[in-house]
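Enquirer: Kindly generate the complete structure, drawing on both the sequences and the hints.
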Amino acid sequence: MTAMMTNAGILALEAAPAEAAARALAIGNAGDRVHAKVTDRADRPVLALTDIALTFGGVAALRDIDLAVAPGEIRAVIGPNGAGKSSLLNVVSGLYRPDRGQVWLGERAFVQVPTARLAAHGVARTFQNLAIFKGLSVFDNVLMGLAHRVRAGFLRQIIGSPRARRIEAENRAAAEDVIGFLHLGDVRERAAGSLPYGLQKRVELARALVARPTLLLLDEPFAGVTLSEKLELSEHVRNARDRYGATIVLIEHDIGVVMGLSDRIAVLDNGSKIADGTPDEVRADQTVIDAYLGVAHQDVTELAV
Amino acid sequence: MSAAPLTAQLSPGAGAFAIVVGAAIAFGAVPLFGSDYLMDAVLTPFLALALAAVGLNLLTGYAGQVSLGSAAFLAVGAYATYNLHLRLPQLSLIVDLVLAGLVAAAIGIVFGLPSLRLRGFYLAVSTLAAQFFVQWALTKFGWFSNDNPSGVIDAPVLSVAGVTFTSPAGRYVFSLSVVVVATFLTLRLLRSQSGRNFIAVRDHELAAKVIGVPLLRTKLLAFGVSSFLIGIAGALWAFAYLRTVEPAGFNLDRSFQILFIIIIGGLASLRGAFLGAAFIVVFPLILSRAGAALLGGVFDSGVLEMSQRIVVGMLIIAFLIAEPRGLIALWDRLWRVVTRPAAIRNT
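Chains as they are written, first to last, in our numbering: chain A, 1 to 305; chain B, 306 to 652.
No incorrect hints appear here.
Quick look at which bits of chain A chain B covers, simulated, 3 or more residues with Cβ under 8 Å:
id: 1; stretch: 105-117
id: 2; stretch: 124-134
id: 3; stretch: 140-147
id: 4; stretch: 154-161
Beta-carbon label-pair distances, calculated as ranges:
id: 5; chain 1: B; residue 1: L418; chain 2: A; residue 2: R190; range: 35 to 43 Å
id: 6; chain 1: A; residue 1: G72; chain 2: B; residue 2: R641; range: 47 to 55 Å
id: 7; chain 1: A; residue 1: E235; chain 2: B; residue 2: A434; range: 47 to 55 Å
id: 8; chain 1: B; residue 1: F332; chain 2: A; residue 2: E235; range: 51 to 59 Å
id: 9; chain 1: B; residue 1: L635; chain 2: A; residue 2: A169; range: 31 to 39 Å
These are calculated hints, taken from the structure and not from any lab test. Yeah, the Cβ is synthetic: ideal placement off N, Cα and C, and Gly gets one too.
Expert: Structural data, given as structure tokens:
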């Protein structure tokens with residue numbers, strides 16, 4: 001704890017918001033050895049949630065959620081259906097405005113993250129139900145991930161001004177790189193909507209990666225894909241972190257896949273965070289086992305009877 | 306890149322060759338050897354409607370914003386060109402056309418504002434406002450038609466830099482040049498990032514927003530460019546084709562006609578816009594000729610007129626069921642059948 005206070009002090013000298021971020025880190029990972037040793041400014045959490053609460057018409061979707069995601073981490077957020085996983089991701093990407101709490105992206109705090117500026121802040125996300133652009137080719141889909149970088153007006157784009165051409169060439173090179181990285185070269189000119197589901201998922205991942213985001217949010221990336229595709233996709237996710245340096249937060253329903261993939265796992269149940277730690281810690285956690293095996297629910301049934 | 310619209314499947318050399326041959330026929334052979342009837346009653350209206358369809362296709366086919374206000378923007382283009390020519394005679398006709406397009410674009414952007422909140426049918430209904438408002442304004446305020454009591458305007462002589470285009474061939478070549486330039490620039494736009502943004506907004510608006518596509522700017526750009534093109538098409542329609550127009554000529558029927566063109570031709574395809582326009586212009590002519598020849602003695606012309614509409618209507622339905630992606634999909638399939646044996650022989 002002393003180390004952490006010192007840490008907060010050092011950071012506060014450098015940037016005022018860092019103190020709150022460090023505090024979030026302290027709250028979110030109380031007793032966590034890895035983060036207690038943190039003294040380097042570069043290890044400020046890429047994403048921190050402080051005391052997030054969200055209700056829909058009186059029903060609590062998220063209650064007092066604190067979460068800190070360290071740079072370069074693959075962090076899974078798991079939980080049964082209706083636990084609030086998607087709500088959490090939507091809060092981070094600004095689609096929902098939380099009733100309370102703040103979202104920290106690096107050293108900037110938001111009450112509601114501006115969705116339209118998400119890419120500019122270095123955040124990319126995928127969607128649970130595919131959100132690729134069916135009418136565009138695979139290559140153009142990937143290129144779309146850099147849309148926010150095109151700062152030339154449409155007239156410049158029509159006449160092909162030097163600036164517009166330079167941006168286009170840079171973006172094409174970046175897209176080409178990701179296409180090769182995710183082995184999409186064979187289908188690069190195909191209409192994305194005509195591809196099998198697993199490939200479409202990969203296209204969406206490529207589109208998210210092409211802007212080299214500091215934070216990559218994956219909403220149930222393994223939902224609806226076959227087992228072999230799952231293994232392949234999780235390899236791609238790991239490579240995305242290793243090669244592109246992206247910090248990854250992934251939402252997953254299926255606890256099996258994420259155990260091997262994630263550095264740390266947060267478990268949500270009924271809108272609250274019930275556990276947060278390494279896969280081994282989470283696997284051994286009695287509350288997690290109860291939530292997943294439904295022991296608590298049995299008690300409720302008995303009480304109701 | 307310029308070789309793309311009609312020759313996407315050809316090799317670059319063959320594509321360039323096809324373009325040269327096409328240009329030689331369109332700019333050379335047709336004006337020299339074509340009949341006045343062909344150019345006046347078929348090709349010139351075809352070109353004007355095709356350009357309008359290119360404009361609407363950009364908005365509806367590519368950017369996914371449904372509009373029923375096309376005729377209004379045709380009217381704005383026609384009346385703006387007329388007034389610019391009348392009140393600023395020192396301007397060249399080309400400048401008039403561009404300015405008229407910009408006026409139509411400005412009005413298109415205003416009526417495109419609801420698209421930020423409305424989608425699909427609701428947006429289509431709100432664009433009807435443009436349709437009714439423009440027609441009303443042009444009839445109500447005499448200034449637009451230089452105080453003609455019925456709002457009728459007569460086209461000035463088309464002349465650019467001392468060259469006049471009064472003959473059917475001249476008006477056809479003038480229209481063709483405008484349409485070719487406008488279509489080429491549209492193609493450039495559609496292949497740029499702005500063009501990809503249109504499709505992204507159409508296919509998944511939320512994902513587009515998360516990626517950082519500026520939704521407001523993209524939608525209004527689509528409305529603006531679309532109305533610009535339709536406005537210029539309106540000027541061609543009024544000055545190169547009809548030469549005397551009234552506001553009632555730009556009614557809802559015309560808007561629907563342009564919408565049918567892009568649906569029949571194929572959404573999100575510039576080639577489809579041309580094919581659809583050809584179908585809509587040529588098919589009724591063929592049908593009425595055939596009808597008059599076969600049944601002219603039996604039915605009067607009014608019955609023929611109505612039965613012709615019924616047949617066109619049924620064909621539209623048949624098309625939508627058999628090939629929802631329009632004539633262009635049929636064309637491409639036919640093209641593949643024709644070229645595949647050649648490809649096999651080559652390998």
